[in-house]
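Take the sequence shown: its letter number 2 is residue 2 in our numbering, and every next letter is one higher.
Everything labelled a hint here was simulated from the structure, so no lab data went into it.
The beta carbon of each residue, even a glycine, is placed where N, CA and C say it ideally should be.
Some hints could be false.
To be verified - Estimated spans, in silico, between C-beta atoms of each pair:
| id | residue 1 | residue 2 | range |
| --- | --- | --- | --- |
| 1 | D2 | G36 | 38 to 48 Å |
| 2 | F115 | T4 | 20 to 30 Å |
| 3 | T32 | Q11 | 38 to 48 Å |
| 4 | D73 | T4 | 44 to 54 Å |
| 5 | E65 | T93 | 38 to 48 Å |
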Amino acid sequence: MDQTVESALKQALLETDDTLYAMVRLQPTGITAAAGILAQIGEPFSALIVDRHEVTMIMPQELVEDFQPRLRDHEVSPVQYRLITLDVILQPTLVGFLARITQALAAAGVTVMAFAAFNRDHLLVPADQFERAQAALRGLQSGL
Numbered sequence: 001m002d003q004t005v006e007s008a009l010k011q012a013l014l015e016t017d018d019t020l021y022a023m024v025r026l027q028p029t030g031i032t033a034a035a036g037i038l039a040q041i042g043e044p045f046s047a048l049i050v051d052r053h054e055v056t057m058i059m060p061q062e063l064v065e066d067f068q069p070r071l072r073d074h075e076v077s078p079v080q081y082r083l084i085t086l087d088v089i090l091q092p093t094l095v096g097f098l099a100r101i102t103q104a105l106a107a108a109g110v111t112v113m114a115f116a117a118f119n120r121d122h123l124l125v126p127a128d129q130f131e132r133a134q135a136a137l138r139g140l141q142s143g144l
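Generate the whole structure from the sequences, applying the supplied hints.
Written out as structure tokens, the structure is:
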């Protein structure tokens, strides 16, 4: 049976941790350094996005300073983020799940960066909007 947005939302556990995350921008040539840093950190959540313009890493804020010597020409976002993992296995054919999530967060005035893993979606929200984000997502779930 195909998964529906409503069934996925009902089943989703909203998981988080107590970590503050940083977004770090590197030049496109920084991919090797970024991949090495994230491999060395070995934290449960990190991200590496590479495009032709830049390399972006998501890593624990507390570790940025430790790795600065390896982060040539980097820029750290002034915003600190918190993680919300939507812990439900999502079928790859599911349409509209993230749209419902981001609509609820937008209505609550929450900025969001979404990351899709193989089975789960992860959200980074500004740390100062975290409680509002959690409340909006719980409200979305309770309204189903």
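Comparing the hints with the structure gives:
no. : hint                     : verdict
1   : D2 with G36: 38 to 48 Å  : holds, 41 Å
2   : F115 with T4: 20 to 30 Å : holds, 22 Å
3   : T32 with Q11: 38 to 48 Å : holds, 39 Å
4   : D73 with T4: 44 to 54 Å  : holds, 46 Å
5   : E65 with T93: 38 to 48 Å : holds, 43 Å
Checked against the numbered hints above, the structure breaks none of them.
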